[in-house]
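Visitor: Next come the chains, spelled out residue by residue.
2 protein chains.
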Amino acid sequence: MRYKGMRYANASCHIPIIPHTSIPHTFMNVHIITIGDELLIGQIIDTNSAKMAQMLLEIGAKVTARTAVGDDHEAIIDALRTATKQADIVLVTGGLGPTKDDITKKAIADFYGVGFVFHQPTLDRLNQILERLGKPLTEALRTQCLMPQNATVLTNKMGTAPGMWFEESGKVVASMPGVPFEMEYLMQHEVLPRLQTKFNATPTAHRTLLTAGEGESTLAEYLKDFEENLPPQVKLAYLPSIARVRLRLTVSDPDPVSVEKMLEIKFQEMEGLLPPQVIAGQGDDTLESAIGRILKEKKLTLATAESCTGGYLAHLITSVPGSSAYFTGSVISYANEVKMNQLGVQEATLREHGAVSEQTVREMVAGAIRLLGTDMAVATSGIAGPDGGTPEKPVGTVWLAVGNKEQTLTRKLQLSKNRLLNIQYSGYYALNLLRLFLSSPEILSGE
Amino acid sequence: MRYKGMRYANASCHIPIIPHTSIPHTFMNVHIITIGDELLIGQIIDTNSAKMAQMLLEIGAKVTARTAVGDDHEAIIDALRTATKQADIVLVTGGLGPTKDDITKKAIADFYGVGFVFHQPTLDRLNQILERLGKPLTEALRTQCLMPQNATVLTNKMGTAPGMWFEESGKVVASMPGVPFEMEYLMQHEVLPRLQTKFNATPTAHRTLLTAGEGESTLAEYLKDFEENLPPQVKLAYLPSIARVRLRLTVSDPDPVSVEKMLEIKFQEMEGLLPPQVIAGQGDDTLESAIGRILKEKKLTLATAESCTGGYLAHLITSVPGSSAYFTGSVISYANEVKMNQLGVQEATLREHGAVSEQTVREMVAGAIRLLGTDMAVATSGIAGPDGGTPEKPVGTVWLAVGNKEQTLTRKLQLSKNRLLNIQYSGYYALNLLRLFLSSPEILSGE
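Heads up: the protein sequence lines correspond to chains B and U, in order. Going by numbering that gives the first Met the number 0, the residue at position 35 of the first sequence is 34; the numbering climbs one at a time, nothing skipped. Going by numbering that gives the first Met the number 0, the residue at position 350 of the second sequence is 349; the numbering climbs one at a time, nothing skipped.
Chain B with its partners taken away, still in its complex shape:
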């Protein structure tokens, strides 16, 4: 039963075991309750709980248990009773919408044995929203203004249903809508700050390094000795996502000065142990934003020419605020005619090598630069599946190219996932190829 340094020996899907992410000296125990029949019958997958757990870890709070119940008055009250016994903080999501299957508010009021009061600020806010939309106030929406007497109302700027905050006998219950971006908004702006104020956790600080292009197990090899010799107040977590791994260092120490100092020392040590080309950014950087920063610095413009990614790569690039400064546009060439007529891919190339080939993506890059007048372009062509594979080019075969007017870098991927994952992997690997191309010393300013 040793955990230290132990990991799942699963090369392709490397899941670190808990000690890498657990924070020992925390005093905030959280029980999450998710409410909704749709969760119980398996119609939707609960992504909120994972997101909440991650956000809580950032402030040093730890989820100790999670309960899912249906839209059932008694079951919700039972869950609240159990959860408030077990944990200091109970976070509830779901069941706050205007329709009748949403009964969380009533159950919480009954749990506390209180009645309802009308909350005028919520009505004012609703009226503002409805005025902008040109829609009338419905009876269902009006009931959203009724709040349990002991609730502190949390303003939800992302939707109509407000959140609620309760404190009784030293225990906190906070209730949020189940819509993911509404929950995230309320967590970030209302719930987490209140928790930080109310509970005094050990001073804790984090710093995150964004890596791209290497898997978790490879990174773990580079950091093996570093990890094994970390002092007990420092924890390293591997947070993997598609084509990227975030490395998060957490330091918890009663002395705030030591926390900052230790974090600085260990972060620099960690950075120094990794090959420079895998380091893509820090903190809240994303691969998309890091690339945007380089393009802006080098004053380069970019276009994409996409087949299998079907716009997903351009979507990633344009999800960054201010991306219009360097991103000019794309040609999505799903049909071969568009590859030929717009991007100027030779008919002979398609005939001899096929649409999914190194030659085709090279010509797509050249065509996009010419057509959209940019300094650089990225191209993708592949078989996302589930159909369209051949023995020579099975589903998951993808060619990527990045280039400017002088040179082009290409890469072949052999993915094996479902359609959507193939699209997403292709998009992120293309971004990383772009990052590597941009990091090469020959790529100078576009001016």
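Just so you know, these hints were derived from the structure itself, not from any lab. Be a bit skeptical, because a hint or two may be false.
Each pair may be met inside one copy or between any two copies, as identical chains are not told apart.
Derived lysine to aspartate or glutamate pairs resembling DMTMM-like cross-links, with alpha carbons at most 25 angstroms apart [stated by the list, open to error]:
#1 Lys404 / Glu357
#2 Lys298 / Glu138
#3 Lys404 / Asp123
#4 Lys105 / Glu391
#5 Lys197 / Glu183
#6 Lys50 / Glu138
#7 Lys223 / Glu167
#8 Lys404 / Glu287
#9 Lys84 / Asp109
#10 Lys404 / Glu336
#11 Lys411 / Glu259
#12 Lys223 / Glu346
#13 Lys404 / Glu346
#14 Lys234 / Glu263
#15 Lys84 / Glu73
#16 Lys84 / Glu226
#17 Lys134 / Glu213
#18 Lys105 / Glu220
#19 Lys170 / Glu57
#20 Lys50 / Glu268
#21 Lys170 / Glu287
#22 Lys170 / Asp77
#23 Lys84 / Asp71
#24 Lys234 / Glu73
Given chain B, put chain U in place with the hints provided.
Guide: Just chain U now, kept in the frame of chain B:
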């Protein structure tokens, strides 16, 4: 263009979310316990629970609650105690692998107060697997052959850790590994058949209607009387997502014939109460797949011309398998030069009305049809934010257009969310505008 009396006919694809199977009599209540620290810290998202719930519904069993606990002996025993009180059947996943040191197995044995016995058939099976792989039997693997005395061992043909089945005081506890395909194998081949033999459940069936373009509260107004007068065995749930709401009807009744009949009657009644133009599909339909089906049926080809959505709209369209049959490509015109040079938007239009205007999106539609040779096109132009707004056109102002060679339908949105949400809302509203355009009787075959 008016849509009164129009309805999207999807008789060709009538998929109930849960296939109606022959279902036994009494009501089976299931409590799911998932075990693993990695679930609590948000490092992995629990997809097992949703899958299990779907599989259970197929045999008429209903998940009434779900608990997630860490790799903690006491927490697991507590969860088992609570769950066996609440439900007839407790399904446990996780914590059976060789690296986790069988913490689940130990906790279950302690919960029942029994010791372990060595299970020779499991050792024989392990040896067979190891021989094939050319690997030695480790001590960790050997412990997988130790079983609680009261366990019925469930052979796991997908992995090394066996499942376990317990029956005591009329309650069932079944334990499975957390690896998704191992869990699914054991559910399908061992757990579900045993549950069907042991219990008889109340027949339950579901049917889901996909709506688009109206919010939850507006739909609730249409369905107010219907909902209030629903018989107790029928339940209606609203499942909202961006620009769409799924309406799910659930019927539970001891008589399987009544279930089917009631579901059919109430579903038709509900459909009849909604304006036809909000009904987008049924069952597993998405807005993207429903549109794809119409385009295929009408033999029409489609292109997009995107500014603010930056490729997201094309990504939604191409996320549907087989979309290459109707989707030709896109021009993403982030820069005004691309709008002019590629899509043929007049310089005067941009100067007089701006890039975010009805005139511009109309010209983008015409340009995309001309350039990419399609029957139809969809265009978007807006200010996604956070910067770029003006007093006349604040952040969130978006113009959409859908058209063919003869006519164009436009719509203005005034969104107020963050950048990514503005992009996503614009994408889904554009899809819905396309759906409405396609549902108009004037839009005939492309042949």
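Visitor: All the hints need checking, so say for each whether the structure fits it.
Guide: We went through each hint and held it up to the structure:
| no. | hint | result |
| --- | --- | --- |
| 1 | Lys404 / Glu357 | within (17 angstroms within a copy, 36 angstroms between copies) |
| 2 | Lys298 / Glu138 | neither (54 angstroms within a copy, 44 angstroms between copies) |
| 3 | Lys404 / Asp123 | neither (57 angstroms within a copy, 45 angstroms between copies) |
| 4 | Lys105 / Glu391 | neither (61 angstroms within a copy, 43 angstroms between copies) |
| 5 | Lys197 / Glu183 | within (20 angstroms within a copy, 43 angstroms between copies) |
| 6 | Lys50 / Glu138 | neither (33 angstroms within a copy, 36 angstroms between copies) |
| 7 | Lys223 / Glu167 | neither (46 angstroms within a copy, 36 angstroms between copies) |
| 8 | Lys404 / Glu287 | within (22 angstroms within a copy, 37 angstroms between copies) |
| 9 | Lys84 / Asp109 | both (17 angstroms within a copy, 23 angstroms between copies) |
| 10 | Lys404 / Glu336 | both (24 angstroms within a copy, 20 angstroms between copies) |
| 11 | Lys411 / Glu259 | neither (43 angstroms within a copy, 50 angstroms between copies) |
| 12 | Lys223 / Glu346 | neither (51 angstroms within a copy, 60 angstroms between copies) |
| 13 | Lys404 / Glu346 | within (22 angstroms within a copy, 28 angstroms between copies) |
| 14 | Lys234 / Glu263 | within (13 angstroms within a copy, 56 angstroms between copies) |
| 15 | Lys84 / Glu73 | both (17 angstroms within a copy, 15 angstroms between copies) |
| 16 | Lys84 / Glu226 | neither (33 angstroms within a copy, 36 angstroms between copies) |
| 17 | Lys134 / Glu213 | between (51 angstroms within a copy, 11 angstroms between copies) |
| 18 | Lys105 / Glu220 | between (53 angstroms within a copy, 21 angstroms between copies) |
| 19 | Lys170 / Glu57 | within (20 angstroms within a copy, 40 angstroms between copies) |
| 20 | Lys50 / Glu268 | neither (29 angstroms within a copy, 39 angstroms between copies) |
| 21 | Lys170 / Glu287 | neither (41 angstroms within a copy, 45 angstroms between copies) |
| 22 | Lys170 / Asp77 | both (16 angstroms within a copy, 21 angstroms between copies) |
| 23 | Lys84 / Asp71 | both (20 angstroms within a copy, 17 angstroms between copies) |
| 24 | Lys234 / Glu73 | between (37 angstroms within a copy, 17 angstroms between copies) |
Of the numbered hints listed earlier, those contradicted by the structure are 2, 3, 4, 6, 7, 11, 12, 16, 20 and 21.
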